[in-house]
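Here the protein sequences line up with chains A and B, keeping their order.
Using the working numbering, the first residue of the first sequence is number 4, and each one after it goes up by one.
Using the working numbering, the first residue of the second sequence is number 4, and each one after it goes up by one.
Hints in this document: simulated from the structure, not taken from any laboratory.
It is possible that part of the hints are untrue.
No copy labels: a pair is met if it fits in one copy or bridges any two.
What the hints assert, rightly or not - Only pairs whose alpha carbons sit at most 16 Å apart, straight line, appear in this in silico EDC-like list of lysine to aspartate or glutamate:
hint : residue 1 : residue 2
1    : Lys179    : Glu52
2    : Lys248    : Asp182
3    : Lys67     : Glu87
4    : Lys227    : Glu87
5    : Lys227    : Glu86
6    : Lys67     : Asp182
7    : Lys179    : Asp93
8    : Lys166    : Asp93
9    : Lys150    : Glu171
10   : Lys180    : Glu8
2 protein chains.
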Amino acid sequence: MENTEPIGFIDSGVGGLTVIKEAMKQLPNENMIYLGDTARCPYGARPAEQVIEYTWQMTRFLVKKGIKMLVIACNTATAVALEEISQQLDIPVVGVILPGTRGAVKASKNQRIGVIGTLGTIKSQSYEQAIRSRDLNAHVISLACPKFVPLVESNQYQSPIAKKVVAETLVPLQNKKIDTLILGCTHYPLLRPIIQNVMGRQVKLIDSGAETITEVSMLLDYFKLGNLYATKTGELTCYTTGSTKLFDEIANEWLQGPTIASKHIQLGDE
Amino acid sequence: MENTEPIGFIDSGVGGLTVIKEAMKQLPNENMIYLGDTARCPYGARPAEQVIEYTWQMTRFLVKKGIKMLVIACNTATAVALEEISQQLDIPVVGVILPGTRGAVKASKNQRIGVIGTLGTIKSQSYEQAIRSRDLNAHVISLACPKFVPLVESNQYQSPIAKKVVAETLVPLQNKKIDTLILGCTHYPLLRPIIQNVMGRQVKLIDSGAETITEVSMLLDYFKLGNLYATKTGELTCYTTGSTKLFDEIANEWLQGPTIASKHIQLGDE
Chain A
4 MENTEPIGFI DSGVGGLTVI KEAMKQLPNE NMIYLGDTAR CPYGARPAEQ VIEYTWQMTR
64 FLVKKGIKML VIACNTATAV ALEEISQQLD IPVVGVILPG TRGAVKASKN QRIGVIGTLG
124 TIKSQSYEQA IRSRDLNAHV ISLACPKFVP LVESNQYQSP IAKKVVAETL VPLQNKKIDT
184 LILGCTHYPL LRPIIQNVMG RQVKLIDSGA ETITEVSMLL DYFKLGNLYA TKTGELTCYT
244 TGSTKLFDEI ANEWLQGPTI ASKHIQLGDE
Chain B
4 MENTEPIGFI DSGVGGLTVI KEAMKQLPNE NMIYLGDTAR CPYGARPAEQ VIEYTWQMTR
64 FLVKKGIKML VIACNTATAV ALEEISQQLD IPVVGVILPG TRGAVKASKN QRIGVIGTLG
124 TIKSQSYEQA IRSRDLNAHV ISLACPKFVP LVESNQYQSP IAKKVVAETL VPLQNKKIDT
184 LILGCTHYPL LRPIIQNVMG RQVKLIDSGA ETITEVSMLL DYFKLGNLYA TKTGELTCYT
244 TGSTKLFDEI ANEWLQGPTI ASKHIQLGDE
């Protein structure tokens, strides 16, 4: 009943930590390994082939660590690489787009749903297709926000600049009568208070990462992979391809849990 | 991509209609068949062996109809029969107890969680074990509410009697400092306004049935069973072993959708 193997999480940078935060709450028993490809972040404007290659590099690194499940905690990578990776691995692989879709369909009352994400995610139309295929009557309004990820990765997500950039970027979503907005990038929940303020309290924000943990929790149960009846809290190990200092600053501020001391690794030299 | 086979739902009576209501919202494309064993309701005080036998009778009836997934939309039946039925069927089988557990762990901030259910569900300690196995630090306070199901089945769930019974029954949960209460019986959401009023607004009520539909939605995606890109809304067919008149009254009042005209069937004469 006790499966102590870790769950693996990958992201282009620190964004997937928003998924980790929810995992620490909902799955306190589980051991976790996180890998952020900070050195090559952002992924949003990169060609799909390159994102797929980078995602495979991260995946192979974590599979060698003996993970029992892989979470692609990055919308850009999920949009282009989930299908291929989940077909080729023999452990369950979870992306963030379908959980975000389900969360939005569940929350929306007027079936007018907004989606914000990176250029890559919005261009892929993944959310639009996922929502429309499930609900013929849903309206989806999408907007790429390429300036948001750099704000987070540079640890400026609480700054006055962030407020200005978010307000200016979200103008096209005003007066569109959406009642639900999907944060279609795992970096965006760090900007959540600002986004909520700009959109107004009547708009429900869907954190695709948080929804993803519900799916992870469900799959742990379904495939009987959970670390049940643990006698101590799970551990989190972090790796980054970039600056460990910047990563740890953001991680410790965001997670407010046991101190994170990430390890530096290099990808792409296999 | 279009799998029009129905999803099957079974319950001891009309309680599973609360799960259906959520399914109509979250999965508007899906065709559904519902079977309520109203003639033998409530299940709550029956011996486990008998509940297992009745649940198998309902299951066999729906399997013959060609369902692609089975939802045991009854906590009492889930507690004693889910494991056995899911092992023996070759379609995915979903119960209501783990989804309710996940919803509560996700929602609770002080890790003090209340559970109300039938005698059978509470006696099984299913919620208690599921929560504690996932979170060592959680406190679970359980209470059997055997008078609630008859209030709903007799269509008295909005009456002054219901208010009195609910208030008296929930006294043992007062001052227990719970911030989350699992409605561990699919009948209870019909009493939700009364329960919320008695418990106070600070207590978050978890509708195990609504959480279950998130799991159903996820499994439809994971196993690629969804009725995607449908061109019309799914249909709901209802069967009851009891009075179709009473069933239809409750169903139409509760679902507020296309008119339900249930069909009467008899179980147990196989």
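Do the hints match the structure? See the list:
no.	hint	in the structure
1	Lys179 - Glu52	neither (34 Å within a copy, 56 Å between copies)
2	Lys248 - Asp182	neither (39 Å within a copy, 38 Å between copies)
3	Lys67 - Glu87	neither (18 Å within a copy, 36 Å between copies)
4	Lys227 - Glu87	between (24 Å within a copy, 15 Å between copies)
5	Lys227 - Glu86	between (23 Å within a copy, 12 Å between copies)
6	Lys67 - Asp182	neither (43 Å within a copy, 41 Å between copies)
7	Lys179 - Asp93	neither (43 Å within a copy, 45 Å between copies)
8	Lys166 - Asp93	neither (43 Å within a copy, 53 Å between copies)
9	Lys150 - Glu171	within (11 Å within a copy, 56 Å between copies)
10	Lys180 - Glu8	neither (45 Å within a copy, 35 Å between copies)
Checked against the numbered hints above, the structure breaks hints 1, 2, 3, 6, 7, 8 and 10 and satisfies the rest.
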